[in-house]
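In order, the protein sequence lines correspond to chains A and B.
Residues 905 to 1014 in my numbering are what the first sequence spells out, letter by letter.
Residues 491 to 605 in my numbering are what the second sequence spells out, letter by letter.
Honestly, I wouldn't trust all of these hints.
[As the list claims (entries may be wrong)] Here are some of the chain B residues that sit facing chain A, going by a computed Cβ distance under 10 Å:
id	residue
1	TYR525
2	LEU533
3	LYS534
4	GLY548
5	GLU549
6	TYR554
7	PHE580
8	SER584
9	GLU593
10	GLN594
11	PHE595
12	GLY597
13	ARG601
14	LEU605
[Said to hold, decoys possible] FRET-style restraints, in silico, Cβ to Cβ:
id	chain 1	residue 1	chain 2	residue 2	range
15	B	PHE500	A	GLU909	29 to 39 Å
16	B	GLY493	A	GLU909	23 to 33 Å
17	B	GLY506	A	GLY961	46 to 56 Å
18	B	PRO573	A	ASP914	34 to 44 Å
19	B	GLU549	A	TYR973	21 to 31 Å
20	A	TYR977	B	ILE505	40 to 50 Å
21	B	ASN518	A	PRO912	33 to 43 Å
22	A	THR1011	B	LYS499	20 to 30 Å
23	B	LYS499	A	TYR973	44 to 54 Å
24	B	ILE544	A	THR1006	25 to 35 Å
Derived by calculation from the structure, the hints in this document are not laboratory data.
Even for Gly, the Cβ is constructed at its ideal location relative to N, Cα and C.
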Amino acid sequence: GIQVEQSPPDLILQEGANSTLRCNFSDSVNNLQWFHQNPWGQLINLFYIPSGTKQNGRLSATTVATERYSLLYISSSQTTDSGVYFCAVGGAFGNEKLTFGTGTRLTIIP
Amino acid sequence: NAGVTQTPKFRILKIGQSMTLQCTQDMNHNYMYWYRQDPGMGLKLIYYSVGAGITDKGEVPNGYNVSRSTTEDFPLRLELAAPSQTSVYFCASSFATGVFYNEQFFGPGTRLTVL
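So that you can see chain B by itself, here it is in the shape it has in the complex (with noise of 0.2 Å):
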């Protein structure tokens, strides 16, 4: 199992830009979640799903979109870039069932600079 792979690992962008940062799982866990990490900082979770076709947001979701449209994938999607959102952004997946919650298994990250 290749585990939590996201794309790309490193990126720049200008003001006022938009991209998607890609994940994707093999595990066939139903639980999907993203996070930024603020140097310095621990992690924030920005949106989270509970399967496909379900997303809800965390602690630090504007500027932010997500979709769930397979069990696998998992993108988030930036539309007007901007300074504050130069972070390193990490995604991750777990199984749980609602009342019992397993370990989150993390992505590489993906390092976006905003300029």
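Chain A extracted, bound-state conformation (with noise of 0.2 Å):
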């Protein structure tokens, strides 16, 4: 099946800072979605991008599916963007099943 690898592990940030995270896919896919897991154990669906670039306003994705991978960008980080962030694919045939990374957990203090 298709391997999802995520870097890095860990991040530790100060506040305000800005961040990068990367999501990288073993196969051709249909389907990348980015989400947020906070403390609570709550998945917050942040970007559904298979291709392109999206925005919502300090985070913003790409995915470069043609090279098999995406970025995850966190500008001015706030203490609330602590969690871990997991990207999930889903392959290019007939498979609509998500595989999941083993998350980037990031911790920003204050």
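Both chains come to you apart, so use the hints to assemble them.
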């Protein structure tokens, strides 16, 4: 099956800093989503982005499908950004199931 | 819309007991999914359904059963609970045509402990 790798596994930043999270995947995809899992365990949809670039406030994401990677940018970090960020992909050939990476744990220090 | 709702939020089971985790969505999505998340890990697919009456196994189906009698509901059944089933369970739904896939929306999760 499709493999998903996220980096870095852990990231500790001062409030106000910017960060880039990376997701590499091993095959063509028709679905790519970024999630934020907050400290209470809730999964929050950030982006549905199988290709191209999207922005939502301080967050933006870019997926380069031909090179099999996606990037999540967080600018001017706030303590509420802390949590685990997951990338999940769905394969290109009738595979509607999402395969999750192991996540990047982001800790924002006040 | 309430989106995807799950009950219960928390449950403690004894080894060998059975239970059903409930999942309901009100977005008229045809696809529904059950995932489990073990500590420090990403989610893994247990079962999924492409419509009422149709279900299929995911990556980790052993020890679970599902049914899909309506578009809205997709319950997950644990028959003989084992400590290895201690996990957080997430239900999700999406609309897909088999060629075009939309984003999946997740419920709040059920935290299950088997002792």
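Going down the list of hints, with the structure as the test:
no., hint, verdict
1, TYR525, "holds (8 Å)"
2, LEU533, "holds (5 Å)"
3, LYS534, "holds (7 Å)"
4, GLY548, "holds (6 Å)"
5, GLU549, "holds (8 Å)"
6, TYR554, "violated (15 Å)"
7, PHE580, "holds (7 Å)"
8, SER584, "holds (8 Å)"
9, GLU593, "holds (4 Å)"
10, GLN594, "holds (6 Å)"
11, PHE595, "holds (7 Å)"
12, GLY597, "holds (9 Å)"
13, ARG601, "holds (7 Å)"
14, LEU605, "violated (20 Å)"
15, PHE500/B to GLU909/A: 29 to 39 Å, "holds (32 Å)"
16, GLY493/B to GLU909/A: 23 to 33 Å, "holds (30 Å)"
17, GLY506/B to GLY961/A: 46 to 56 Å, "holds (49 Å)"
18, PRO573/B to ASP914/A: 34 to 44 Å, "violated (28 Å)"
19, GLU549/B to TYR973/A: 21 to 31 Å, "holds (23 Å)"
20, TYR977/A to ILE505/B: 40 to 50 Å, "holds (46 Å)"
21, ASN518/B to PRO912/A: 33 to 43 Å, "holds (39 Å)"
22, THR1011/A to LYS499/B: 20 to 30 Å, "holds (26 Å)"
23, LYS499/B to TYR973/A: 44 to 54 Å, "violated (36 Å)"
24, ILE544/B to THR1006/A: 25 to 35 Å, "holds (30 Å)"
The structure fails to meet hints 6, 14, 18 and 23 from the earlier list, while all remaining hints are met.
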